[in-house]
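Chain F is already provided as a structure; the job is to place chain A on it using the hints.
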Amino acid sequence: MPSTENKGLTKRLSCELSAAWAIAKKDMRIYYFKPNIIVSGLFFPLFMFLAFAIGKNTPPGNLIPGLISITLLFSASSIEPVSIPIERRVKTFERLLSAPISLYSLVTGESLSGFLYSLGIACLPLAIGVIVFGTPILNVPILIISMALTAFCFATLGTLFAAYPTENVGEVMSILNTVRLPLIFISGVFIPISAMPKIGQQIALVSPLTYGNDMIECAYTGKSLFPPLLDVLALVIFILIFQITANYLYKKFNE
Amino acid sequence: MKAIEVSHLIKKFGSLTALNDITFSVNEGETFGFLGPNGAGKTTTIRILTGVSRPTSGTASIFGHDIEHDTIAARQSMGIVSENSNVYDDLTAWQNMMFSAELYHVGRKEREKKASEILKVFELYERRNDKAHGFSKGMKRRLTLAMGLINSPRLLFLDEPTSGLDVQSNLIIREVVAGLVLEGVTVFLTTHNIEEANIMCDRVAIINKGHIVAIDAPESLKKTIQSVQSIEVSFDHNSADQLDELSRLSMVNEAQKAGDKFKLYTEDPSQVINVVMAYAHTHNLKVISITTLGPSLEDVFIRLTGLQRTGEKIHAID
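Line by line, the protein sequences give chains F and A.
Note that my numbering gives residue 100 to position 100 of the first sequence, counting from 1, and the numbers run on in steps of one.
Quick note, my numbering runs 1000 ahead of the 1-based positions in the second sequence.
It is worth saying that the hints were derived from the structure and are not from the lab.
All of these numbers come straight from a predicted model, not from anything done at the bench.
Be aware that one or more of the hints could be misleading.
[Said to hold, decoys possible] Distance condition first, Cα-Cα at most 20 Å in a straight line; then the derived SDA-like pairs of lysine to any residue:
no., chain 1, residue 1, chain 2, residue 2
1, F, 252, A, 1017
2, F, 252, A, 1054
3, F, 251, A, 1072
4, F, 91, A, 1137
5, F, 11, A, 1109
With the rest of the complex left out, here is chain F (with noise of 0.2 Å):
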C-alpha cells in the first residue's frame, strides 16, 4: 500500500532528521565555547582580512563582503575538524557511529553546527558593515541565500576533513588549511577574479568560495561575475560532493 510505505518513509525521514538535529544540538552544547574553535572560526579569519585589507585604499565599508566570506569559510569549517577527532579519541564517535541511523544523517548532523555557528559568527562582520561603515546591502533575500549555502557548503567540507581517520585535531586542522588558506587567493577574496591570469581565473572555477563570495558581493554592490542562479547552482554541486565523498569516507575508515 502506497500511503503506508509513504507513512513509513516520512516516519523515517523524520527520524533521521531529528537525530541529525540531535548531533548538532550537542556540539553546540560542547564545542562552540573551545577556545581553539573560537580562534579557528572568529580570530583568525579576522586577523587574515586585516592583514590583507589595511593599507589598501579601498573603503572600509567595501571590504565587509570578502571579510563576510572567509569568516563563513573558517568559522564553518572549524567545528566538525575539531569535535570528531575529540570524539575518536574519547571513543564517544563510537556511539554516533553505531546508532540507529544513517552515515548521511551523522554527516548532515555534524555539519548543521558548524552551518549554525558560521551564520552568527558571520552576522558579526554583517552588523559592523551596517552599523559601523553604513555598507548598503542591495539584495536581502541573495546575501541570505548565498550565507546559507556558503556556510552549508563549507561546513561540509569541515566534516569531509574530519573524516580523515586520527583521533589528533591538529592532523585535521593541517591538512584542512592547506586547502582553506590557498582558497582564499584563487577565490576573488582579495583579488578581483577578472585581474587574475588566465591560469588562476581556471582554478578559481573549482573553489566553491568563488560562487559564494561571488553571491555575497552580488547581494552587496549588484554585479557579479557569475549569474545568482548559476553561483547557487555551484554551490549546491560542491555540497553534494562533499556529501557524498565524506558518507563514503566514513564508512571507508570505520572498516
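Only chain A this time, still in chain F's reference frame:
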C-alpha cells in the same frame, strides 16, 4: 527467532584474518558470554554485530534483520555499552541520557520518564544536572549503562561491564543486568573476568585467533576437562619457599600461590590430599583448610586458548 545469528563470518584486514569463518547463534533471553584473550577477535565481532564494521564475507543478523543490509532496524533493538565509558564529559547526566534517547528515536515524554527511572536505579538521579566531567569512574560506567538502556533494548551488548569498578557500582550493575535477564532481555557479554561469565552466562563462546574454539554452557565446558582438578590448601605458616616444594610433590602437576593459599593442580585430588598431609606433618605445619576443586571456567579458557599460567598471571604462548 534467534536474537543473534552469525554464519560463516570472515573479517580480513589486509593479510591478517581477524575472524576466520565463525558461526554461532544466541537465543532470545539468553545471557551469552564471549570470551577470548586480547586480539582474539572479540572487538571485531562486536563491531560487525553492531553494524560499525562490515564483514569480508558471511552474514550476521539481529532478530532476523541482516546487520549489513538492514542496519538501522537491527540497531534499533540494541543497547550498546562499550568497554570505555564513552559519555560526554561536557554534558550533564540528564543531557547525556536525552542525547542517547534522541539518537534512538525515543519520544520526548517517554524519554524523560524512562531517563528518570533509569537514573534512579543507577543512583545517579540526584546528580542528573551535574556534568559527567566530575563523575567517578564507577558513576561514568553506570551512566554508560543507563544510556544503553534508554531505548528499552531487546538485546544488550555489554563490553567489560564491571572492569575495575568500585564495589557499589559493581553491585548495582550486576543487579540491573540480572533484572534485565529476568525481563527477557538478551545479553551479549564480553569480559576478561571469567568468573563473572561463569556466574552470569547461560552459555559462553571462547574465541581464539579468530576461531570459535568452544561454545557451550559453563558447566558443560568444565566437564570436558575433568583432568584439570585441584586442591586448595592453607597452612598456619605460608611462605613462597613452600611453593617449590609443593610443586615437586608426587601427583602434583602444577602449584600456584594465591594469597594465603596454595593451589595444587592434579589428576588425582584424593592422592594429593594424603601427600599434602604427610608434607605438613614432616614440616611441622598445621593445615588450616583444605578443599578439592573441580576445573574452573578459567581452566577451560586457559586450556582452549593455549595460554599458560606463570605464578598468578596468564601468559600467551605464541
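Each hint, compared with the structure:
no.	hint	result
1	F:252 x A:1017	holds, 18 Å
2	F:252 x A:1054	holds, 10 Å
3	F:251 x A:1072	holds, 15 Å
4	F:91 x A:1137	holds, 15 Å
5	F:11 x A:1109	holds, 18 Å
Every hint from the earlier list agrees with this structure, and none is contradicted.
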